[in-house]
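Participant: The primary structure of each chain is shown beneath.
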Amino acid sequence: MTSRKVLVTIIFLILALLLIGFAYALWDKTLHIHGSTDTGIFQMGFSPTIIVSDNEFDKDVATTTVSLVDLDGDGIYDKIEVTIDNAYPSYEVWIDCFIRNYGTIPAKIQDIIVSAPSELYVEVNWFIYPGMQIDPEDEVMAEIYVHVEQMASQGSTYSFSGILDVVQWNEYTP
Amino acid sequence: MKSYSIFIVLIFVAIMIVSVSFALWSKVLYIEGTVNTGYLDGKWISAFNYDQGLDPNPDGSFKDKDVGSTVISGIGTDTLVITINNAYPSYFNDVEVEYQYTGTIPAVVKAINIIPHGFNLASACGANDGPIWVEVVNGVGAQLHQGDTQASSFKIHVEQCAEQGATYTFTVEIVLVQWNEA
Chain X
1 MTSRKVLVTI IFLILALLLI GFAYALWDKT LHIHGSTDTG IFQMGFSPTI IVSDNEFDKD
61 VATTTVSLVD LDGDGIYDKI EVTIDNAYPS YEVWIDCFIR NYGTIPAKIQ DIIVSAPSEL
121 YVEVNWFIYP GMQIDPEDEV MAEIYVHVEQ MASQGSTYSF SGILDVVQWN EYTP
Chain Z
1001 MKSYSIFIVL IFVAIMIVSV SFALWSKVLY IEGTVNTGYL DGKWISAFNY DQGLDPNPDG
1061 SFKDKDVGST VISGIGTDTL VITINNAYPS YFNDVEVEYQ YTGTIPAVVK AINIIPHGFN
1121 LASACGANDG PIWVEVVNGV GAQLHQGDTQ ASSFKIHVEQ CAEQGATYTF TVEIVLVQWN
1181 EA
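Listed in order, the protein sequences are those of chains X and Z. Each step along the first sequence adds one to the number in my numbering, with nothing skipped, and position 106 is 106. When you read off a place in the second sequence, starting at 1, and then add 1000, the result is the number in my numbering.
Just chain Z, same shape as in the assembly:
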């Protein structure tokens, strides 16, 4: 009987404690945030190569024959494919390209990397220490905002040590980084 009374008293005490807790006045203030990130992007908008018939020379003149040819595809995308057919030692071409920056975050051209696949690039036009010489002119350090365009020039020369019937593939990367991290 005594323990039963203690039990009842404890229940009352517990209810009182709970009542005190519920009596706490409080207020919760809320913060909600959404972050939408921007992006970096670009596309090739034009490309012109000087081999429109007679094969060009590095000095701007032309050879007397139309032997090699250059085909370009990928305009409107972020990858430009330049294919040279029936090339031979001393074949040269100059490809004027232009791309448009379409990203929403300002960017800077940090680097232009020429990556040969399975062969070594020649160190200079006519150096003959590699089958192909490639040079990219202009662009590094340029800052680009959405809609800006940037022109560059790709010069390609087939060296004397190039093999017959071979295919030489290389990739040119234009590395864009957000302007505030350049």
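One chain only, chain X, in its complex shape:
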């Protein structure tokens, strides 16, 4: 009786092994998809070209100096510094700079924010506007306009600042 049980067990084991063996013998083929994504580069900055002009035609009294600054050391200018010396009421200057798309992703201007005291009138949005698109390798001219108002005091220093927020074109929020 015991040997019969052993025999049945062995037979089941053999059947099980046969089944497993059949499964292992199943021919199969796996198809693979290999994907890679190279993301683009979003890189905006000021091009090196700056054009300065003012309203002094018969005299040269005030002087405007403009310099470009690379804040993060990537070789692209991120900041414009404007210094006007010996200014006076009614002095006005136009600083033409160029915003360039150095990357591979189209960009749009999201915000143009300017902050200036009441003694100065500063505008940046004569040629650029929120929503303006700048494609890769393209550049647009932005004009910084500064006018010294009548209320400006003699021998004083006034500061102004502005930011141009540029985003990837498909994330622009009107």
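Rather than coming from a laboratory, the hints here were simulated on the basis of the structure. Fair warning: there could be bad hints in the mix.
Claimed, not checked - Listed below are the simulated DSBU-like cross-link pairs for lysine-lysine, each with C-alpha atoms no more than 35 Å apart in a straight line: (1) Z:K1110 / X:K59; (2) Z:K1043 / X:K59; (3) Z:K1063 / Z:K1155.
What the hints assert, rightly or not - Quick list of simulated restraints, FRET-style, between CB atoms: (4) X:Y121 / Z:N1057: 54 to 60 Å; (5) X:T63 / Z:K1065: 54 to 60 Å; (6) Z:F1170 / X:M141: 55 to 61 Å; (7) Z:V1028 / X:D28: 53 to 59 Å; (8) X:E56 / Z:E1096: 32 to 38 Å.
Using N, Cα and C, we set each Cβ at its ideal position, and we do this for glycine too.
Chain Z: place on chain X using the hints.
Facilitator: Then chain Z, alone, in the frame of chain X:
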């Protein structure tokens, strides 16, 4: 239990939304400006009065006595003080003054104002419709750059109606304005 599951799902959705926001590629470009304004300024650099002894007359001659006298102070400042002592009717003096423009913004002499304090100026030398006649010669309309000098002449005459023992004070203003607003 069901509400707890919904809560978990909402948290995941919120995290996904936040993740999308952080994925926005953007760049901020900066503009910084500083404006230093210039100034208008000037100072008196010389003054000469013709009463150096004998009292002068309007025609350039001199009287035969030294009675009145004129003292000038304020050279090097922007206020020139001319004091005439022991004056009398017909006392006359001519003060030649010169100032230097020291401002950094070109200026134009817009006006020269003579302001009497408490009396009326005579309308002309000898008109006798006020105790003092003052005239300022030259200067209005001149354009001045830093370092330029400008000369003027102050003529002063005491009229017949001037009172004894009185003090007559007046101010002369030379109004300079920036050249581009003149």
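Participant: Starting from the hint list further up, note which numbers the structure goes against and sort them upward.
Facilitator: none
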